[in-house]
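Asks: Let's have the full structure, built from the sequences with the hints guiding it.
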Amino acid sequence: MELYENCEDVRGCEFVVWRIDHADDWRRARGLNRATYFERGGVEHFLPAAMDSLELKDLFTVAQFIKARCDHGLKAGEPKNIKNYVFFEVEILDPKTRTQLCYLDKVDPSATVGEIKTLLHRLYPKWYPARQALKLHPEGKALKDDDVLEDLPVGTTATMFLQDLGPQLGWTMVFLSESIGPLFIYLLFYYRLPFIYSHEYDYTQSSHAVVRLACVCHTLHYVKRLAETIFIHRFSHGTLPLHTIALNCLYYWGFAAWLAYYINHPLYTTPMYGKIQIYTSLFTFLVCECGNFSIHLALNRLSCNGSRPMQIPYPSKNPFTWLFFFVSCPNYTYELGSWISLTVMTQCVPGSHTLSHTFSHTFSHMRISAVNNPVFSLSFLSSVAVFTLIAFVQMTIWARGKHKTYIQEFREYPELRSAIIPLFL
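Per the working numbering, the sequence shown starts with residue 2, numbered consecutively.
I should point out that these hints are in silico values taken from the structure, not numbers from a laboratory.
Virtual Cβ for every residue (Gly too), placed ideally from N, Cα, C.
One or more hints might be untrue.
What the hints assert, rightly or not - Derived DMTMM-like pairs: lysine to aspartate or glutamate, alpha-carbon spacing no greater than 20 Å straight-line:
1) 136 to 146
2) 318 to 290
3) 225 to 201
4) 107 to 165
5) 127 to 95
6) 136 to 151
7) 136 to 116
8) 142 to 106
9) 142 to 116
10) 136 to 203
11) 145 to 92
12) 145 to 116
13) 136 to 152
14) 225 to 290
15) 97 to 109
16) 145 to 410
17) 136 to 179
18) 136 to 201
19) 145 to 179
20) 136 to 147
21) 127 to 109
22) 403 to 413
23) 127 to 165
24) 127 to 148
25) 145 to 229
26) 136 to 165
Said to hold, decoys possible - Here are the simulated distance ranges between beta carbons:
27) 291 to 398: 31 to 39 Å
28) 387 to 122: 41 to 49 Å
29) 143 to 208: 53 to 61 Å
30) 401 to 177: 25 to 33 Å
31) 423 to 311: 24 to 32 Å
32) 315 to 90: 23 to 31 Å
33) 208 to 413: 55 to 63 Å
34) 184 to 387: 14 to 22 Å
35) 205 to 406: 19 to 27 Å
36) 245 to 304: 25 to 33 Å
37) 107 to 313: 29 to 37 Å
38) 249 to 115: 24 to 32 Å
39) 287 to 143: 40 to 48 Å
40) 276 to 170: 43 to 51 Å
Replies: The structure is reproduced here in structure tokens:
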């Protein structure tokens, strides 16, 4: 049985069709708790007057009403494609003790992991989102912030485990801390502060032009990095744990001190091929630094979504960007060229025997450079060369990762490009 009533408060012919179980609501709140159906020009509309106690599934259309009457009073079916909205429940546990840290009720299925981290942060202010790693298993992989709850392999009750990543710093602070240290550490050795070399050399400077040029190149490189970090680079919202930053700083600062110690040592000798070797390397260094800066400017103009590129980088009228024809990460290629140039220009070779007697009284009788002795040249590695080699390995890993991302994101990505070394690697 249906309740049928004509209304005259809306233009045209209106029908309000209710199920019998809402008849009492209609009588109690006549005209308040109802929805009207009407037809204008063949287009059907619903006009909600007040939907306090009315659900969409309880309405019949005029066509269904007429069909029900034509079918000898048979009740028409309910509207189809009505989605049942189901909320999720999220339980967050400690991975070690399995104690419950948080229970979130009525979580929207379309909520992301990042939004869940924000809710958890409200309960535990010390665990800001960047410090949290949510996992589905205690030893599993951390979920990404953009992972959607309903897409995860969980039921309507999701159990997650919280890993505290410790204090975090943003990428801007990471780059600044890595670059400021080497800049000032090198200058300490260049001006030969006390307790670095013998007291007779305190606050003195080398008479070799190559030593001064090496200081200019090293300083220029890190000043450029600081300027790029502040004004050019665009970082994602990701962070790095404080202990990882400490290891990175130890690497950069330690190598800066090691190579500065030998280049600025009072017993340092000039390169084998003299001015030709020095100034050729200097020119190559400056070209690579300009190229690296140009690539960073070009990348800054590209649109990206966090760390995901939205465009393929292509060469421009700037000749320094033409390396994009051959490699995906020419900024790393130029960076490698800069350090190779500095290695050739300084040709500073510390030996194992020298290292073992660094603080001995006989150190003053040893030669820091082995250019005059081929045996030492073959037996020992340059401090700058070791840093360059390690940097090359690390930059190759980064370049191959970015090259792979480009290939996955863009089907039309140029096939000729390599990762870091043209036509090779």
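Asks: Checking one constraint from the list: CA of residue 136 to CA of residue 146, max 20 Å. Satisfied?
Replies: Answer holds: residue 136 to residue 146 is near 11 Å, not above 20 Å.
Asks: Looking only at beta-carbon atoms, does the pair residue 291, residue 398 fall within the given range of 31 to 39 Å?
Replies: violated, 25 Å
Asks: Do the alpha carbons of residue 145 and residue 179 lie within 20 Å of each other, as the hint requires?
Replies: Violated. Residue 145 to residue 179 sits at ~27 Å, over the 20 Å cutoff.
Asks: Is it true that the C-beta distance of residue 107 to residue 313 lies inside 29 to 37 Å, as the hint says?
Replies: At roughly 43 Å between Cβ atoms, residue 313 and residue 107 fall outside 29 to 37 Å, so the hint is violated.
Asks: Next pair to validate is residue 97 with residue 109; report whether the Cα-Cα distance is within 20 Å.
Replies: Violated, at about 28 Å.
Asks: Evaluate the given range 40 to 48 Å for the C-beta pair formed by residue 287 and residue 143.
Replies: Holds: the Cβ-Cβ distance is about 43 Å, inside 40 to 48 Å.
Asks: Given the proposed pairing of residue 145 with residue 229, does the C-alpha separation stay at or below 20 Å?
Replies: Distance of about 28 Å is beyond 20 Å: violated.
Asks: Has the given pair, residue 142 with residue 116, been kept, meaning a C-alpha gap of at most 20 Å?
Replies: Given pair residue 142, residue 116 holds - Cα atoms ~18 Å apart, limit 20 Å.
Asks: Would the pair residue 136 and residue 165 pass a check requiring their Cα atoms to be no farther apart than 20 Å?
Replies: holds, 11 Å
Asks: Given the hinted pair residue 225 and residue 201, is their Cα-Cα distance within 20 Å?
Replies: violated, 34 Å
Asks: Assess, step by step, whether the Cα of residue 136 is no farther than 20 Å from the Cα of residue 201, and give holds or violated.
Replies: Since the Cα atoms of residue 136 and residue 201 sit roughly 60 Å apart, the hinted pair is violated (cutoff 20 Å).
Asks: How does the Cβ-Cβ distance of residue 205 and residue 406 compare with 19 to 27 Å: does it lie in that range?
Replies: Between residue 205 and residue 406, where Cβ atoms are some 50 Å apart, the hint is violated.
Violated hints for the displayed structure, listed by number in ascending order: 3, 4, 8, 10, 15, 17, 18, 19, 21, 24, 25, 27, 32, 35 and 37.
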